[in-house]
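Residue-level listing of the chains:
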Amino acid sequence: MSTSTDNNASITQESGPSAAVQDIQKKIVVRTADGEVFNLKEEVAMEIDIIKTFFQEDSISYETVMPLPNVEGWEMVKVIEYCTKHVELKHKVDGYKERKAFQALFVQNLSTKSLLALTNTANYLEVKYLLDFLCQAVSEQIKNKDVDYVRELFGVENDFNDEEYEQVKAEAPWAHENLNNDLH
Amino acid sequence: MTIAKQIMESLPDAIVQYILSYMNNARDVALCNCVSKRWKDSIPYIRSLFFPRNSFDNLTGSDTPDDIVLKMISLIERLENLVVYSPFSGAGLASWLTLIGPSLRYLELRMDNLAEQEVCNERPSKLDCLTAAKSLESLKLWGVLMTRSPKWDVFQKLKNLEIVGARLEDPALSTVLQACPNLTKLLLLGCEGVVAVSIELPHLEQCKLDFYGLGNCSFSMNCPKIEVLEVQGCSWIRVQKTKHLRNLSIANNAGRVYMVDFEKLVALESLSIRGVQWCWGAISSMLQWASEVKHLYMKVEFTGDFETLQPFPEVDFVDFFNNHPKLQNFDIHGAMFAALCQKNSLKNVDSGFLIPCLESVVITVRSPLNAEQKMSTLESLLKYGKNLKSMVIKVLQMKSNHSSADDFFDEICRFTCMNRKIVRIE
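One line per chain: the protein sequences are A and B, in this order. Each residue of the first sequence is one higher than the one before, starting from 0 at the first, in numbering that gives the first Met the number 0. Each residue of the second sequence is one higher than the one before, starting from 0 at the first, in numbering that gives the first Met the number 0.
No lab work stands behind these hints, which were simulated from the structure alone. The C-beta atom is built at its ideal place from N, Cα and C for all residues, glycine as well. Some hints here could point you the wrong way.
Unchecked claim - EDC-like, lysine to aspartate or glutamate: derived pairs with alpha carbons at most 20 Å apart:
no. : chain 1 : residue 1 : chain 2 : residue 2
1   : B       : 39        : A       : 158
2   : B       : 325       : B       : 268
3   : B       : 36        : A       : 151
4   : B       : 39        : A       : 42
5   : B       : 224       : B       : 191
6   : B       : 39        : A       : 145
7   : B       : 36        : A       : 158
8   : A       : 142       : B       : 27
9   : A       : 168       : B       : 40
10  : B       : 325       : B       : 291
11  : B       : 393       : B       : 371
12  : B       : 263       : B       : 229
13  : B       : 39        : A       : 139
14  : A       : 89        : A       : 42
15  : B       : 39        : A       : 162
16  : B       : 240       : B       : 204
17  : B       : 36        : A       : 165
18  : B       : 420       : B       : 330
19  : A       : 112       : B       : 204
20  : A       : 112       : A       : 147
21  : A       : 127       : B       : 12
22  : B       : 156       : B       : 136
Unchecked claim - Far from chain B, by Cβ distances over 10 Å, these chain A residues were calculated:
no. : residue
23  : 53
24  : 59
25  : 60
26  : 64
27  : 65
28  : 89
29  : 91
30  : 92
31  : 99
32  : 104
33  : 109
34  : 128
35  : 176
Let the hints inform the model, and build the full structure from the sequences given.
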């Protein structure tokens with residue numbers, strides 16, 4: 000099931016301190032569901048709890064390639080991007096603005112579907128701060144929309160029958176009045 | 000099945016709940032309640048509810064706003080944060096707090112009492128009702144009529160209290176402060192009616208006070224942990240236990256500051272003094288105590304111990320900077336800058352004189368009087384401020400129609416050009 004495609008599929012960390020320091024840092028190798036292999040800097044890898052547990056607590060040698068069958072290659076790229084930035088900002092005294100700018104860009108081109116997939120992945124990989132951020136980003140998409148729009152956006156089926164729906168609607172009838180349907 | 004649906008279905012309930020817990024606008028929550036059964040089941044885990052001001056502007060049903068808020072609150076298992084900007088009654092508030100009093104940690108309300116005189120007699124009074132929120136950690140009230148002491152038990156957990164826009168009476172304010180002994184942060188902004196206030200809160204770290212009126216309030220503080228203090232509208236200020244005070248700002252737009260007493264200010268890093276008139280004794284005391292200061296902002300128009308507005312006495316340039324050796328950022332306005340530009344300041348400067356830490360200076364110039372001395376002072380700042388990185392000269396409307404104003408402005412421009420890397424005009 001795992002096809003090793005090391006040739007042009009491995010992605011190494013480019014950003015960070017000087018090359019000399021980079022070389023000294025150990026790398027951890029993971030393989031995603033689609034066979035892509037990623038070399039992570041140790042400090043970034045340790046931000047991902049599931050990886051941390053696998054290598055540190057179970058004392059497995061760093062030479063082992065850890066399989067991540069529930070994670071797609073593109074998701075891993077995004078997770079690495081976020082964790083790398085997080086590690087970078089840890090050392091900065093006043094990184095608030097930078098973090099906000101980064102976060103805005105991070106979600107800019109992600110569809111709701113991708114956002115949800117990434118949320119699922121962040122949960123699976125156990126990266127709490129990424130999960131927090133993504134959940135908040137998803138919740139932003141629900142704001143000020145009507146029920147049908149939300150259902151379509153999230154691919155949620157209406158499992159209320161007519162009677163049940165009228166009942167829940169009646170719990171807060173005011174909310175369904177005068178909605179401005181901004182479907183953007 | 001669409002992919003979105005697949006993904007949504009595979010999200011654990013806990014994650015759906017977590018996503019929904021970031022919702023707080025009451026209308027959005029009410030709509031999410033109707034999306035699907037699974038979403039409805041997640042609603043009780045929401046932590047916050049927010050009702051914007053216009054929530055109930057176009058109500059058609061039979062429910063009152065109070066009822067609606069109560070129904071929404073009932074959907075939530077353990078509400079922690081409630082913000083209501085829409086109108087409500089005391090009875091409504093009482094009914095909500097009966098439900099959520101024990102779990103509520105953060106409460107923000109637009110009381111909106113100020114315009115209505117008869118609200119005083121409302122039973123139960125909104126203020127009195129608040130005491131039911133026993134676990135509050137943070138309370139913010141907008142527009143409060145607090146002329147009568149509220150019947151409050153002690154808010155043991157209350158760390159943050161903010162009151163914005165209030166009409167107060169001293170005894171009422173005093174009662175309020177006594178009911179919040181564990182405050183670490185206190186904000187009283189746009190408050191009218193205060194004559195004298197004394198704050199003795201053992202854990203208070205940040206305090207910002209803004210009093211409207213004649214600018215003649217008396218303020219005394221005995222808070223051993225105070226770190227940041229801002230006071231506007233007081234003429235008499237006494238603060239004891241200033242060991243940890245880092246940031247201090249004293250302003251008075253309406254009245255005269257005539258007495259300040261701070262003991263020492265050993266930890267002070269940042270000082271701002273502003274106002275129309277300060278007694279000279281008060282200013283010189285502040286400057287003396289603030290000898291360790293790194294950031295200094297001075298904008299006082301006049302001095303004088305009585306009604307008459309007086310210009311400032313001379314301030315020796317060399318002494319000033321020797322007495323504030325750690326000064327990094329300096330912002331000085333008009334009349335006070337003029338006081339610093341006196342004839343004899345720079346006559347016999349010690350060869351070792353330096354302004355070592357100064358990095359940035361902002362000077363606001365208002366009048367072309369004593370232009371020569373002012374230019375000389377500007378040049379000295381550059382000369383002795385070896386580490387100066389930026390000097391901004393703000394030229395406000397010159398008070399004279401003479402050509403002297405133009406000449407002075409030309410001088411400043413020339414000075415700016417010659418020192419383009421550091422100096423700029425705004």
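We went through each hint and held it up to the structure:
1. 39(B) - 158(A): Measuring from Cα to Cα gives roughly 11 Å; hence the hint holds.
2. 325(B) - 268(B): Holds - the C-alpha atoms of residue 268(B) and residue 325(B) are around 9 Å apart, at most 20 Å.
3. 36(B) - 151(A): This hinted pair holds, its Cα atoms lying about 15 Å apart.
4. 39(B) - 42(A): violated, 40 Å
5. 224(B) - 191(B): violated, 27 Å
6. 39(B) - 145(A): Holds. Residue 39(B) to residue 145(A) sits at ~15 Å (cutoff 20 Å).
7. 36(B) - 158(A): holds, 6 Å
8. 142(A) - 27(B): With a Cα-Cα distance of about 6 Å, the restraint between residue 142(A) and residue 27(B) holds, given a limit of 20 Å.
9. 168(A) - 40(B): holds, 15 Å
10. 325(B) - 291(B): Satisfied, since the Cα-Cα distance of roughly 6 Å is no more than 20 Å.
11. 393(B) - 371(B): Cα-Cα ~17 Å, so holds.
12. 263(B) - 229(B): holds, 17 Å
13. 39(B) - 139(A): holds, 18 Å
14. 89(A) - 42(A): Since the Cα atoms of residue 89(A) and residue 42(A) sit roughly 12 Å apart, the hinted pair holds (cutoff 20 Å).
15. 39(B) - 162(A): holds, 15 Å
16. 240(B) - 204(B): This hinted pair holds, its Cα atoms lying about 12 Å apart.
17. 36(B) - 165(A): It holds: about 13 Å lies between the C-alpha atoms, which stays within 20 Å.
18. 420(B) - 330(B): Holds. Residue 420(B) to residue 330(B) sits at ~19 Å (cutoff 20 Å).
19. 112(A) - 204(B): It is violated: about 46 Å lies between the C-alpha atoms, which goes past 20 Å.
20. 112(A) - 147(A): holds, 17 Å
21. 127(A) - 12(B): holds, 17 Å
22. 156(B) - 136(B): This hinted pair holds, its Cα atoms lying about 5 Å apart.
23. 53: holds, 21 Å
24. 59: Holds: least Cβ distance 27 Å, greater than 10 Å.
25. 60: holds, 32 Å
26. 64: Label holds. Min Cβ-Cβ 25 Å, cutoff 10 Å.
27. 65: Per Cβ check, residue 65(A) is outside 10 Å of chain B; nearest 22 Å; holds.
28. 89: It holds; residue 89(A) is separated from chain B by about 24 Å at its closest Cβ, greater than 10 Å.
29. 91: holds, 21 Å
30. 92: holds, 16 Å
31. 99: It holds; residue 99(A) is separated from chain B by about 16 Å at its closest Cβ, greater than 10 Å.
32. 104: At about 20 Å from chain B, residue 104(A) clears the 10 Å cut-off, so the statement holds.
33. 109: Fine: 13 Å to the nearest Cβ keeps residue 109(A) off the interface.
34. 128: holds, 13 Å
35. 176: violated, 6 Å
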